[in-house]
Amino acid sequence: MPDLGLDVLWKGSNLLRLLGGLGVALRISLIAVVISIPLGLLLGTLMTGKNVILKFILKLYLEFIRIMPQLVLLFMVFFGSTRMFGWQPSGELSAIIVFTLWGAAEMSDLVRGALISIPVHQYESSEALGLTKVQTYCYVVIPQTVRRLIPLSINLITRMIKTTSLILMIGVVEMIKVAQQIIEANRTTSPNAAFGIYLVIFLLYFLACWPISLLAKYLERKWR
Amino acid sequence: MNWEYIQKYLPMYEKAAILTLKLGVIGILFAVLIGLFCAVILYYKVPVVKRIVAAYIELSRNTPLLVQLFFIYYGLPKIGIATNAEACGIAGLAFLGGSYMAESFRSGFEAVDKIQEESAASLGMNSYQTMRYVILPQAVSVSVPGFLANVIFLLKETSVFSAISLMDLMFTAKDLIGLYYKTTESLILLVGFYLLLLLPVSLLGMWVERRVRYAGFGT
Amino acid sequence: MEETILTVKHLKKEYEDKTILNDVDLAVKKGEVVVIIGPSGCGKSTLLRCMNGLEKTQSGSIKLREEAIEAGSGNLVQIRQKIGMVFQNYELFPHLTVLDNILLAPTKVQKRDKKDVKAEALKLLERVGLKDKAGSYPRQLSGGQKQRVAIVRALCMNPEILLFDEVTAALDPEMVREVLDVMLELARQKRTMVIVTHEMQFARAVADRVLFIDQGKIMEEGTPEEVLEHPKKERTQQFLNIFQFEKVQERKIS
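Protein chains in written order, with my numbering: chain A, 1 to 224; chain B, 1 to 219; chain C, 1 to 254.
Hints are computed from structural coordinates only; laboratory data are not their basis. Just so it is clear, the structure is predicted and the values come from calculations on it, not from any experiment. Treat the hints with care, since some could be wrong.
What the hints assert, rightly or not - No farther apart than 16 Å at their CA atoms in a straight line, the calculated lysine to aspartate or glutamate pairs in the EDC-like style are these:
hint	chain 1	residue 1	chain 2	residue 2
1	C	233	C	208
2	C	56	B	103
3	C	190	C	3
4	B	114	C	3
5	C	56	C	66
6	C	29	C	3
7	B	78	A	92
8	C	12	C	70
9	C	12	C	55
10	C	233	C	221
11	B	50	B	118
12	A	217	B	58
13	A	217	B	118
14	B	45	B	103
15	C	30	C	160
16	B	78	A	7
17	C	29	C	55
18	C	111	C	132
Claimed, not checked - One side only, chain A facing chain B, incomplete, derived with CB under 8 Å:
hint	residue
19	6
20	9
21	165
22	173
Here a beta-carbon is modelled for each residue, glycine too, at the ideal position from N, C-alpha and C.
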């Protein structure tokens, strides 16, 4: 059995430090998701509205955010803010800003997709039954939309968690950064630590995301 | 805004964009092959292999590319599997993209009616011919919108390549910001080049989606 | 005495402890047109699908001349080339043009020369009045047109026997005729055919022999006159009454 460098994990508080790094990532994603879901609901509903100019501007903005790599957005906020506004946000704050904007854009697209997927005759038959517009939305449209949306929004959480790995690149101390520190500190005593530690990080990310994916899949199947 | 600076460093960005594009295209090609392979395995429900494929898909979809890259680039050499940075980038992208491609091809396969298989069988086709001439062409064309969405997603994901010291667009931008403090110009070039890479695919995707949704074969 | 092409002996088919076909015997002679009628769920479509090896059977045998037809067996690919089947929902390949739909199996499976098959295909298409549709895609055709293409596709394999599985059931009424006309023409050419249908008038016109199946068994068989005009069994009479009733209603309305 070759040395897989797993022993480093049990030295001192190394495993706890790694988990702490994961905690930072999870905290950032949680905050971003909590803000971006209502924001996305609002934007998505506006996108199905009638105001053409508003829709055009929104579309331009949302598509820009969705097409840019999230890392580019992180750079824009982290490095660009100082130049543009004379204000230097911390890495963590930049991450929250970017992931919220990105999450809201993705969410708005999901909302729009769910709303336009409700067939026109659902509206028509509700009207034919004498329901008012508000009643149509409350009893017919929203319940159907929500069923389609919940699995997709849960999936957005896993995407968010995976994306938080990027904050390493703007110097936030998260799991990979901690890993680098641990590997560096044990360079001489445990030269193979890179294998074991990165394997553990890989698995930790998997363990964080997989149950959420399973839940999303389960709900999707149940409500199809 | 400093135009001189932009002109001076444009060639560096060009080189970086070409690297991004090159690694992206090769990685995506491998991802397509892996994805097709997995989708076919899942379609035929090949025993044992289908479980391995399913496990791979879950592992690949539920971990970030950055972590996959770090494991391949820094971890694997410790057990004797060493790669250079470019090969590692391609391998990582293929590992990640394979599962996404597999999922969109799989939904393509699901969209093909089961009785098409019987129809082909009743004409005396064997299972290879049925797959090759009847199922695959239909499945692939149904998966085109999903495929293009994956291409965009994977090209975007290449932005983390700089973490394993590949001199891509992100690397160049960060380097220049660090060296010359020309933040605005560097960021504008960065955004511009990514738009150049991604916008055509995105527009193609929108066009194809509209065609697929409203038409189909023969219009 | 004409030679027997297809033989079904003591065929039994079960699905999840339900008996679908129970001890079915049938022999189809060369040039004969056999029509199978019966209530829905009686097993008539299943019998047809068994004849093409699309269903697993539990006991009994089906033979095309001397070759056994069995789902999952190795020679199935060979045998199916000699059996043409037309489905209720046409099952044309949506990604191929009409002509390519027809050419696919003869060129890829039988490895015949493309030029020859194409000439034959166009001739057959002309016969069914669809020569100008050769370059169209299935979705551009009406249901009746699609079904006629599906028949040509089966014919182009030069099968020894043709199976038709409720081929007009999914069609709008005004399109039924054009498909049945093609089948009548095939009967005139002395093609061997087994037809599952609900069109009683058509059955009378086309059949050499009619089989009434109920609850997985052949209840009655004979010439169209015998079975359709003077059924011996009460069950057959009951089934036929359903169609009689419809006719009375029609007369009253008009």
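Item to check | Ascending list of hint numbers which this structure does not respect | outcome: Failing hints, ascending: 1, 2, 4, 5, 7, 11, 13, 17, 18, 19, 20 and 22.
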